Structure formats: C-alpha cells, structure tokens
Amino acid sequence: MGSPLLSRHGAVAAAGPDTGVAWHYGDPVAEQRALARGGAVVDQSHLGVVRVAGPDRLRWLHDITSQDVANLPPRTSTELLVLSPQGHVEHAAGVVDDGEATWLITEADAAAPLAAWLDRMKFMLRVEITDATADWAVIGEPVAAEGAEGEPVTWWDTWPRVSRGGTRYGPAEPDHPGMQRPWRLVLVPRAELAAQVAEREAAGWSLAGTWATEALRVEAYRPRLAREVDHRSIPHELDWLRTAVHLHKGCYRGQETVARVHNLGRPPRRLVFLHLDGSGHLLPEPGAEVLLDGRAVGTLTSIARHHELGPVGLAVVKRSVPEDAELLVAADGLEVAAAQEVVVPGEGVSADRPEAHGPLTRGLTAPDRHGLGAL
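According to the numbering used here, the sequence shown is numbered sequentially starting from 1.
Calculated from the structure, these hints are not laboratory results. Computed from a prediction, not measured in an experiment: that's the story for all the values here. You may find that some hints are simply not true.
Derived DMTMM-like pairs: lysine to aspartate or glutamate, alpha-carbon spacing no greater than 20 Å straight-line [claimed, not checked]: (1) 122 x 199; (2) 249 x 100; (3) 122 x 100; (4) 249 x 352; (5) 249 x 63; (6) 318 x 347; (7) 318 x 293; (8) 318 x 289; (9) 249 x 230; (10) 318 x 230; (11) 122 x 90; (12) 122 x 56; (13) 318 x 335.
Generate the whole structure from the sequences, applying the supplied hints.
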C-alpha cells in the first residue's frame, strides 16, 4: 500500500524493500543532515506489523525464537530472530510488549509469512496472531529512548548495545559508529499517519525519506533482513548476536548452530563496511559481486550516499578475504574500487568466546583399576 505522504510536493518514491514510501522529498542531503542532528521524522509505513496477544505469548515466543522474552517488561524493546533448523536466519523483528500484546515490527513483505509461521507453531497455547499491517503504520524518529507510559507503542532500536545474554564480534560500544544513531519506531493508527507526521513537523522537525535512513543505517553497520540476509546467513556473520540472540537461554530451533559457531569461532562469511570510489557517476546496485584479484568473494548487500562519507555500502564476503585487501565491486560492466572497514573480524571470534580446552592427555582416557575409562 502506498503512503499518503507520497503525494507531497517533491516526493520521489523508493524502490525495492522500501516500496510504498518516499526515497526523498527533493533534497536528500538536507534531509539526511536533519535526521543526523535529531530533527526529522521518517515515514516507515511500509514496514510490517504483527500483533501477538494472549496470556501465553511471551513464554511461547521465548521458546521458539532466539531471544529471551519470557519475562519481557512492558515498554522494553528487544529484537528476535526466527532461525531454520540449520541456524539460518528466516525472520527478524523488533519486539516490544505493551502489557496486553507483543508487537513485532518487520520488513514489508515479511509480516504475512511471519504471522503464518507463528500461527502454525501455536498448537494449543493461548495466543492470537494478527497481521496488523493494514491497521497500524510506523513512524521513524531519531530518539534513543523507550516509549513512555501514555505514549504510543514504541520500539527503540538499541543497536549496537550488547543486550543481556548477547555478545559481539565487531567493535566495542565506545568505538562503534552505531552509537551515534538514535532510532526508534512508533506505531500509530494507519488512518492517523499524515496527522501524526504533521504534528511532528509543527514541532520543528522536517520530513525525511529512506535515502537518509539507509545512509545512517549503513554507517552504523546495522544489518537488515531485506538487505544483508540470504538463504545462507547465520547471525554471527552479521554481528547480530549483539541484539537478537540470547546465548544462555533454553533450546530453540537453530540453537545448535548458534552455540557451535560461537564456541568454535570462524563463521564462513563476514560483514564489511565499504568506502566506494565516488569519482565516477556510476555506483553498483545491491546484489553486485565483490571482487578480489578478479574472483568473486562476496556480495554487496546495501548501498547509500552518505552526506559526509560519500558512497558507502555493506557487503558480506568470505571470511578468508584479507582485512586489508582493496576490493572491487561490479557495476554495469565496470568495476568500482572499495576500501574495507572491518565489522566482523576475519578471525571470526566473539568477544566472549569460551577458552579452548587444552590438548587431551593419554592419562585422561587410561583405564582405571576397575578397567573403566575416565569420563
């Protein structure tokens, strides 16, 4: 469904996973600067919204997803993943509970499949799943705070703060560029979307498009389901154990892969931030091959024009790609130079990976005096 804000003067429609809202409203650089300084509102009404009600909702979501939400307090934001039995990412959603229902905010085309999967998993539990996208719209704000009592349901993106039970592969919080990106999503009745945006504009904020949000997301190394995830993705490759995975909760689908890769290290691929050569007019598109010495070693997943950094992107490359290698990205028959900035290190070891056990000695397996091997 198209947003009514697309009728604004100067609005240019976004494409791809952001279809339905504005890419920008005529001055994308000014919009991005306003958003970066905390003075813009963004129409995110294309995003999907799933509502889960019923007294068993939190314990049930805890049991079937990657996050510990069994005792999630009202107005406390977190994030969860639905993984395949092999540990690959199938769904991702921001999560907040209002005391009566749990709200899941996800990609535009993911709400219906997520709601359908949840419905298949409810069995005899007291839960009610609704794809609420048609009734509820999302507004983005550059605010680093939970929604207060009396405010609309609000999900605060706490990225890149490491949540309880999580861990990190990328930079520590003080050194992480994502700490400079305040962001939250506010749910409003869809019929009130234009009025809610106008209210914020009346308070002095300008209206920005997804050109601005994507540039700041890419700068923050923030993975996105619709961009960084493919059928092989595991959360370690994207540094997603920061906010979306609890390593010490009970079993859930895909948990074995999460634990094994965390304990042994070395996920097969890694997320990188790319500074792209902007001297030409041609930039690659998401999905373009990333090349090293003429060989494809990864895929460009996101591309943006940052108001200070210029053309930047995120890519997923093989873990074996040297961290200091100069890469090229294919662009319509040409190749664009790309300098890496490490997100997930090539060694593939998390900040809290358990210490490796020392070599086993012969005596550990020698039979005892009863003829039994040591356990």
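Hints, one by one, checked against the model:
1. 122 x 199: 39 Å, violated
2. 249 x 100: 24 Å, violated
3. 122 x 100: 18 Å, holds
4. 249 x 352: Judged against 20 Å, a Cα distance of about 16 Å means the pair holds.
5. 249 x 63: 9 Å, holds
6. 318 x 347: With a Cα-Cα distance of about 11 Å, the restraint between residue 318 and residue 347 holds, given a limit of 20 Å.
7. 318 x 293: 14 Å, holds
8. 318 x 289: With a Cα-Cα distance of about 12 Å, the restraint between residue 318 and residue 289 holds, given a limit of 20 Å.
9. 249 x 230: Cα-Cα ~26 Å, so violated.
10. 318 x 230: 14 Å, holds
11. 122 x 90: The hint holds at about 18 Å.
12. 122 x 56: 10 Å, holds
13. 318 x 335: It holds: about 19 Å lies between the C-alpha atoms, which stays within 20 Å.
Hint compliance for this structure: hints 1, 2, 9 are broken, all remaining hints hold.
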